[in-house]
Amino acid sequence: MREGDEPYPPLRGAVPAPRTAARPDSALSTAVLALVHTAAALLVCAALSVTLWHGLHEPAYALAFGALVAIGETVRWGAAPREREPAPLGAAGALAYALLGECGGRPTTHGVLQVVAVVFAGTLAGAVPQLARGQRTALDHVARRVLSVAFAAVCFQPLYNSGALQEWGKGAPYALFLMVLMALTALCDAVLAALVLRVRSGFPYGPLLREELRALPGIGSAVCATGAVIALAVAVAGLWALPVFCAPLLLAQLSFRRYEAIRTTYRQTIASLARSTEIAGYTPPGHARRVAELSCAVGREMGLTGNRLTVLEYAALMHDIGQLSLVDPVPGGATAPLPADRQRRIALLGGAVVRQTGVPAEVAVVVERQADPYRDQPLPARIVRAVNAYDDLTGGDPAHAPGALERLRAGTGRDYHPGVIEALAKVLSRRTAPAAPAAPAAQGPREPLGDETGPAAPATEAHPG
Amino acid sequence: MRSVPATARAYILGAVLCAAACLLPLFGQRTTVGWSAVALLAALYAGCELPPRCRHLRKALPISAASFFPVLLTAAFLLPAPAAMLVAVPGSLLGRVERAPAGPRRIWRAAQLALATWSAASTHTLLGGARTLSEPDFPHALAPAAAAAVVFCLVLTLLEAGILATAERQPAGVAWRGLVLHSLVPHLVHGLAGLMMAVLWTSPYGPVSALLVLLPMYISCWLFAQYHRERTAHQATIRALVQAVDLKDRYTRGHSERVGRASVLIARELEMDEERIEIIRFAGILHDVGKLGVPTRILRKDGPLTPEERRVIQLHPEYGHEIVRGIGFLGEARGAILHHHERMDGTGYPCGLAGERIPEFARVVAVADAFDAMTSTRSYSRARPVPVALAELERCAGAHFDPRMVKALVKALDRHGWETEVTSTEANCTEIAPGESAAASPPDVRGIPPQPVRVADRTPGGPA
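Going down the list, the protein sequences come from chains A and V.
The numbering of the first sequence is UniProt numbering, which starts it at 1 and goes up by one.
The numbering of the second sequence is UniProt numbering, which starts it at 1 and goes up by one.
I should point out that these hints are in silico values taken from the structure, not numbers from a laboratory.
This structure is a prediction, so every number in the text was calculated from the model and none was measured.
Worth double-checking, as some hints may not be accurate.
Claimed, not checked - Stretches of chain V that chain A covers, calculated by requiring three or more beta carbons in the stretch to come under 8 Å of a beta carbon on chain A:
| id | stretch |
| --- | --- |
| 1 | 184-198 |
| 2 | 208-214 |
| 3 | 217-231 |
| 4 | 237-245 |
| 5 | 287-300 |
| 6 | 316-329 |
No residue lacks a Cβ here, since even glycine has one placed at the ideal position from N, Cα and C.
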């Protein structure tokens, strides 16, 4: 049952391109990651030793919040690895403890270091299943959680414990202050997350950060709001508020999972539709998958994010679908060598099929315009056109890359956008430079699209014509 | 504009009168009502209901009306019953309605929500909820709140079933049971959120902090709406896979949908659970998707096939399995697609499985496939009447088909009947650039006009 689940993992947010060991700035980014890890480790060491030395303030509260964090980390309900916020409940519990001032009307006295120690213990306890399965990203996750919670606690606990906050008054300003703090923490977390992703995937930092920021209003804001609500509700109603007030966030998490599940299925179905041209013998095996994967990498290199990247991915997967309307396959399935008007007609046929699927209309436009001269094309169509031609020329074999790139460069007068070709060359050089050893390590738990040698091949061989 | 039946008018009038009667105590005696709280909550609820009316905001915030029930429940917890019901009125009168007679729908919605809020508030007061809120007393505050949420849900669904019975002529009992089963758990969560809001509203942190509670609720409703959008898109993509087959083999139009429908009928008769029925529908719809892998020339060939061509066509179950291999959720359906041409005596293809070794879904789809093939017109034969087709299936039961599935189909058709001609609502999208494909090939080699498109416009058991 599981065998079919993963051949087409989502590209967005989970693209594990090879690590960029050969690029000039890679030493810097690795150093940054090391810095993040060291900072988190030092902080945790200090927190643990101080807390153990002095003992816990209000152990009951610490235990309750630690348990909430641990439970929240465990309840992941099949979150994809590298997901933005795999454990919303754990995050909300941790933030709530960082912003906890009173409990049931009595002031608390725990400081920043105790917050860090408790959250670390809870997160680690909850992350044990992931670590046991050898998921290296679990450590990144713990480091990120510890640092962002420490940020929130540093902003709040000293102010509260010194009594400065109470002078402001207990009422609405206090609640507003918590909200502002939550927003700041979310920003800080996004910056950290994009940083870690930058090092792990090698994509430019700017677009990654933009994507993280754009994702904030989603589940992230629900996490922040719940964190603040729990902190306030515990202050009013005591620890009973914890189990009661987690329910809405659990509902949000459930909705999010269902949404993600249907998205994955949707993507798999589109990939299957795309693969039908391969099984029908119109295109070489693996062509759609390779073009989609490479197009996404080029798109990221050129700064595409979010929905625009999804449009690119779907269009690249389905760019050859128009060939299904042909009675006889094009020789070799390669459209690049065909006369321009023939190419354009196949593109139009493809657009007609794509319009029937539920994908956004932009995807159909990209598929329709893929054979136009680049000056008339939207950016995704330029990328699909260039990458498709590249794959037709190389047949998926990187050994032919230099020759293919040269031929594409010769076509930059009319057919291929020069910027796209340069981005493609950059992506390709990054892939070939650090050979095998770096790649599998950076890929983490998920296989990239390009690595699957599909059993699609034998089925098409049996096919006459 | 659709007219509202007289019974429904009377029903709505009754509800409005009931609501008005519940309001009376407000004028009769001097009750202490925090009018500022009423105004704030009513404004909050109206403010939540307004954005969907504006087109731009609706695109950005695709949410259903039920997202903001926590506000109503908060009112029910905080205010006396007659005052709490007022909170629901402005929002429901101003909010967006989905379908035509907007006026009656708005009035109905206001009366319905007001009555539900009134009942919830009364329950909460009766169980002594107010005392547990003023000095938050935690395990004890939960029971009245949960009871109030359940009553809110029951009253809401009862009234809804009533309007469905009077206006849409649906059987009230069935409608109510369906509504309650779907909405009880969400309403309990709404109740908890409402309780949270009420606690924070009365706390020193004030109404501002209560607003924070709405955010997670809103996000989950937003995600829910997104989920539905993606789901619709996904189903369109599955249809596109099938329609891609129709591009190549025009004689099977509508066949896939009908096989899906017949498979569901059989599965219902065998009392499979809903989840498997949904999967078997996809198995039926996608069973011939492997024809995508068969050269178009062979599919469209006029006249008898050579043994070589027959062999190529017989590869289609394997191609189909290969195409859907990557779609995780299909599960059992993938086996059905691979084995739907197996026969009970082991002489089928591609694996020559016999009897119980053929997956259950494949045995269902095989019967549905053969039944629809016989009852619809093909290039090589005319459509046969349903009884003749069933007699043929019964004759072949045992050697070719699983007798259990054949019996189930006979029973199901006895009960529900079978429409071979269903007027299509999707005719326009099945016509994929006909001129284009004709330009690439000799036009329609067999010279037979294409059949009327037969797409079931409503599949039983399909998602609503």
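So, against the hints stated earlier in the document, which numbers end up violated here? none
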